[in-house]
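Model the placement of chain B on the given structure of chain A, informed by the hints.
Protein chains: 2
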Amino acid sequence: MSDALNVLPNERRKRFDGPGEPSSVGYVYPRKIRLADEKNPLPLECGKEIRPVDVEYEVYGELNENKDNAILILHALSGDAHAAGWYHDAEKLGRPWLAKRPGWWDNMIGPGKAFDTKKYCVICSNILGGCYGTTGPSSIDPATGRPYGLRFPVVTVGDWVRLQERLISSLGIQRLVSVAGGSLGGQQALEWALAYPDRVDSAIIIASTAWLSDQGLAFNAVARKAITSDPCFLDGDYYESAGPEQGLAVARMLGHITYLSEISMQRKFGRRFCNGNGPGFQLEADFEVEGYLRHQAKSFVERFDANSYLYITKAADYFDASAWGGGDLDKACQRIKSRILLVSFSSDWLYLPEHMKKLALALGRNRKHVSYANIQSTYGHDAFLLEVDKLTLLVRNFLEGGGQTGE
Amino acid sequence: MSDALNVLPNERRKRFDGPGEPSSVGYVYPRKIRLADEKNPLPLECGKEIRPVDVEYEVYGELNENKDNAILILHALSGDAHAAGWYHDAEKLGRPWLAKRPGWWDNMIGPGKAFDTKKYCVICSNILGGCYGTTGPSSIDPATGRPYGLRFPVVTVGDWVRLQERLISSLGIQRLVSVAGGSLGGQQALEWALAYPDRVDSAIIIASTAWLSDQGLAFNAVARKAITSDPCFLDGDYYESAGPEQGLAVARMLGHITYLSEISMQRKFGRRFCNGNGPGFQLEADFEVEGYLRHQAKSFVERFDANSYLYITKAADYFDASAWGGGDLDKACQRIKSRILLVSFSSDWLYLPEHMKKLALALGRNRKHVSYANIQSTYGHDAFLLEVDKLTLLVRNFLEGGGQTGE
Numbered sequence: 001m002s003d004a005l006n007v008l009p010n011e012r013r014k015r016f017d018g019p020g021e022p023s024s025v026g027y028v029y030p031r032k033i034r035l036a037d038e039k040n041p042l043p044l045e046c047g048k049e050i051r052p053v054d055v056e057y058e059v060y061g062e063l064n065e066n067k068d069n070a071i072l073i074l075h076a077l078s079g080d081a082h083a084a085g086w087y088h089d090a091e092k093l094g095r096p097w098l099a100k101r102p103g104w105w106d107n108m109i110g111p112g113k114a115f116d117t118k119k120y121c122v123i124c125s126n127i128l129g130g131c132y133g134t135t136g137p138s139s140i141d142p143a144t145g146r147p148y149g150l151r152f153p154v155v156t157v158g159d160w161v162r163l164q165e166r167l168i169s170s171l172g173i174q175r176l177v178s179v180a181g182g183s184l185g186g187q188q189a190l191e192w193a194l195a196y197p198d199r200v201d202s203a204i205i206i207a208s209t210a211w212l213s214d215q216g217l218a219f220n221a222v223a224r225k226a227i228t229s230d231p232c233f234l235d236g237d238y239y240e241s242a243g244p245e246q247g248l249a250v251a252r253m254l255g256h257i258t259y260l261s262e263i264s265m266q267r268k269f270g271r272r273f274c275n276g277n278g279p280g281f282q283l284e285a286d287f288e289v290e291g292y293l294r295h296q297a298k299s300f301v302e303r304f305d306a307n308s309y310l311y312i313t314k315a316a317d318y319f320d321a322s323a324w325g326g327g328d329l330d331k332a333c334q335r336i337k338s339r340i341l342l343v344s345f346s347s348d349w350l351y352l353p354e355h356m357k358k359l360a361l362a363l364g365r366n367r368k369h370v371s372y373a374n375i376q377s378t379y380g381h382d383a384f385l386l387e388v389d390k391l392t393l394l395v396r397n398f399l400e401g402g403g404q405t406g407e
Numbered sequence: 408m409s410d411a412l413n414v415l416p417n418e419r420r421k422r423f424d425g426p427g428e429p430s431s432v433g434y435v436y437p438r439k440i441r442l443a444d445e446k447n448p449l450p451l452e453c454g455k456e457i458r459p460v461d462v463e464y465e466v467y468g469e470l471n472e473n474k475d476n477a478i479l480i481l482h483a484l485s486g487d488a489h490a491a492g493w494y495h496d497a498e499k500l501g502r503p504w505l506a507k508r509p510g511w512w513d514n515m516i517g518p519g520k521a522f523d524t525k526k527y528c529v530i531c532s533n534i535l536g537g538c539y540g541t542t543g544p545s546s547i548d549p550a551t552g553r554p555y556g557l558r559f560p561v562v563t564v565g566d567w568v569r570l571q572e573r574l575i576s577s578l579g580i581q582r583l584v585s586v587a588g589g590s591l592g593g594q595q596a597l598e599w600a601l602a603y604p605d606r607v608d609s610a611i612i613i614a615s616t617a618w619l620s621d622q623g624l625a626f627n628a629v630a631r632k633a634i635t636s637d638p639c640f641l642d643g644d645y646y647e648s649a650g651p652e653q654g655l656a657v658a659r660m661l662g663h664i665t666y667l668s669e670i671s672m673q674r675k676f677g678r679r680f681c682n683g684n685g686p687g688f689q690l691e692a693d694f695e696v697e698g699y700l701r702h703q704a705k706s707f708v709e710r711f712d713a714n715s716y717l718y719i720t721k722a723a724d725y726f727d728a729s730a731w732g733g734g735d736l737d738k739a740c741q742r743i744k745s746r747i748l749l750v751s752f753s754s755d756w757l758y759l760p761e762h763m764k765k766l767a768l769a770l771g772r773n774r775k776h777v778s779y780a781n782i783q784s785t786y787g788h789d790a791f792l793l794e795v796d797k798l799t800l801l802v803r804n805f806l807e808g809g810g811q812t813g814e
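Just so you know, the sequences run in chain order A and B.
One point on numbering: in this note's numbering, the residue at position 118 of the first sequence is 118, and numbering is uninterrupted.
Add 407 to a position in the second sequence, counting from 1, and you land on the number used in this note's numbering.
Excised from the complex, chain A in its bound form (with noise of 0.2 Å):
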């Protein structure tokens, strides 16, 4: 996902709830445990095992006595467990990015809002592979006592999900009442759905789709490219020099276009020009949009680790629902007992509607109860940070026992 914040800076903005106002979760804090260990190591998809986990997660609202009130979110790419509310003291996280604004999806997550914490209790959890406090590339190998870098195993949306049941299961949570998320995070949401149809009443899947396209594939490659091929990348082991901050810039306006849609990026920049006034005839970045990106990706080169954009987008290239079919996605979904709610973007143009659509309709031709909704938007994939208005609606009403399908 974008940094939405800055994407649309008006619209965004006027969401904001501070830390004081009641339809906020308030001020949050991040929260750590161990869940695998010497004696009770992740066994990962690659065949190969990892030990210890530490996963960082984030709770809003209260578990009930039967623990049978908890929602899971999952986030997407450059992501965190920072979902909602408030950090009293980013600096002193290390995150000091995070000073001035809630959570990532605080506007759908809070008292009264769509993940409604007045009556749920929504956990969310960094990734494994991730840089926000979860074990990945950039911890510490127990082998070497040094960071992992591309010793770091290969890792996936599958297993992302077994960490999380570990996590569940640790809170004392055998069954969830919702997954949900959008992008990646709403793969992992139905990786869920598929993996443990016992524990999950319902899934939320938003501007997903059960795999990426060969587009997407290739997006991912050159991204990757682009990092690797920074000769300060070290084969990964950069974390006592600057690291390939130039691969990963590239990598990230790369990201950023992706999300956006052309219209979007055609009310926003309108080939206006950095300086206001007309070509500078120069090589220098001339025109708004360029100027956006680059500063885009500063900013987030300042706050993301490069193996972990290498580990994730990996892990989104692997991600194939129908693997749970043998590569068919219709026998895939059978295994799934969960309603399912499916949202799509029409100007999303990474994962497309279309491809959403095949979903809905081979849950379909399996009896499952889905519901589809395409929502109309300019705002391309970053869509589902910012249609907050229909996407609360739409994820009330299905939490509630509707469901809607429609384009």
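Check the hints yourself; a few may be wrong.
[Unchecked claim] If we take Cβ atoms under 7 Å as the criterion, some of the chain A residues that face chain B in the derived model are:
hint, residue
1, Gly-26
2, Tyr-29
3, Val-177
4, Asp-214
5, Ala-226
6, Ser-229
7, Met-253
8, Ile-257
9, Gln-266
10, Phe-269
11, Glu-284
12, Phe-287
13, Gln-296
In short, the hints are calculated from the structure, not lab data.
By construction, the Cβ of each residue, glycine as well, lies at the ideal position given by its N, Cα and C atoms.
Relative to the frame of chain A, chain B by itself:
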């Protein structure tokens, strides 16, 4: 344009006419002419001037006595003057990659083809700032005795066309039957119709628009960022070293994605793995599409100059047909006296059909003779190199005086 030869080898190869076949222009050779010198420098839009300027061009078919049967073909980003026919000794010309393939629009130019060399004298020249024989950043700067590098002035589509006008005049041609090109070549054709309304009977503008979209600007920005942030770029003075090969490779991989459509990629790659089996759980290229892009990039790096990539994409960025009307496309269109054929492709998402339609409507509102066709194609932007049958029909009809508008 992408290296369409490799994009869809089967579709393309069967269209190849060997040098001895009656529909081939046969063996051809590049010509060279000096069109700007100390006494007669070329003034540029940026306010500077340049000299000397040598231009490489090719000619297919015979110029008639009245010199009124010439058609000028304009090439796209990575193209060259070698639009048709075969080189006898590509190695000797320093272009070994052209040993086993004809010019880039050979399927459109030749005896009996869309641009029929039995009737027309077809001319194509390499653009200013390029790296295939016409003066560019890799040429020697007379001021220093070393390659220009980034001391080369920023050039525009307008500059290219003014230089082409010198070429045409030097050949004694007063009026062109047509100017024709796809992509950035189409924008040159449009610029011709705007800049020299009395010199062109008609313009054939394919897979092109009146200006590049914001998304297009953004992709070019990423490509340039990849090149200039490669440490081997050396501020453009890399001609005595390896040069920014990694950065140029990233740029080319990215470009390739934009030339194809998601559906064409899906048909070609279908998420298949390189090894033909399942996932390798590796960070290396594992999907066919990734291996393909890397291979394409590798061959491109061997044949293209990174500085030219910077200058040509900048020219693409700056092109804006509405500038001829002070920012008003309708007003700009009033200048035009030529008959115009516009052709877009339904799956082209780099030069969007709806943007082409806007140009068609602007021309129509100004009662210009415009024919517009939006060809249903799955090939994306590259369709201008591949949809030969449909293009041939449209171009031939148009050149013979007919025209048709539709979608």
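Cut-off 7 Å, beta-carbon criterion: hint that Phe-287 (chain A) touches chain B: holds (5 Å)
Hint validity - Phe-269 (chain A) Cβ closer than 7 Å to any chain B Cβ: holds (5 Å)
Interface hint for Glu-284 (chain A), Cβ within 7 Å of any Cβ on chain B: Where the cut-off is 7 Å and the nearest Cβ of chain B is about 9 Å from Glu-284 (chain A), the hint is violated.
Cut-off 7 Å, beta-carbon criterion: hint that Asp-214 (chain A) touches chain B: holds (4 Å)
Restraint satisfaction for Tyr-29 (chain A) [CB to CB of chain B, less than 7 Å]: With a minimum Cβ separation of about 34 Å from chain B (threshold 7 Å), the hint on Tyr-29 (chain A) is violated.
Gln-266 (chain A) as an interface hint toward chain B, with CB separation required under 7 Å: Holds - the Cβ of Gln-266 (chain A) comes within 7 Å of chain B, reaching about 5 Å at its closest.
Ser-229 (chain A) as an interface hint toward chain B, with CB separation required under 7 Å: holds (4 Å)
Given hint Ala-226 (chain A) near chain B, where the shortest CB pair must fall under 7 Å: Interface hint status for Ala-226 (chain A): holds (5 Å vs cutoff 7 Å).
Chain B contact restraint on Val-177 (chain A) - CB to CB distance below 7 Å: violated (32 Å)
Interface hint status, Ile-257 (chain A) versus chain B (Cβ within 7 Å): Since the shortest Cβ distance to chain B is 5 Å, the answer is holds.
Minimum beta-carbon distance criterion (7 Å), Met-253 (chain A) to chain B: OK, holds: Met-253 (chain A) within 7 Å of chain B, min 5 Å.
Interface hint compliance - Gln-296 (chain A) to chain B, C-beta minimum distance less than 7 Å: violated (11 Å)
In summary, the structure is inconsistent with hints 1, 2, 3, 11 and 13 from the numbered list given earlier, while agreeing with the others.
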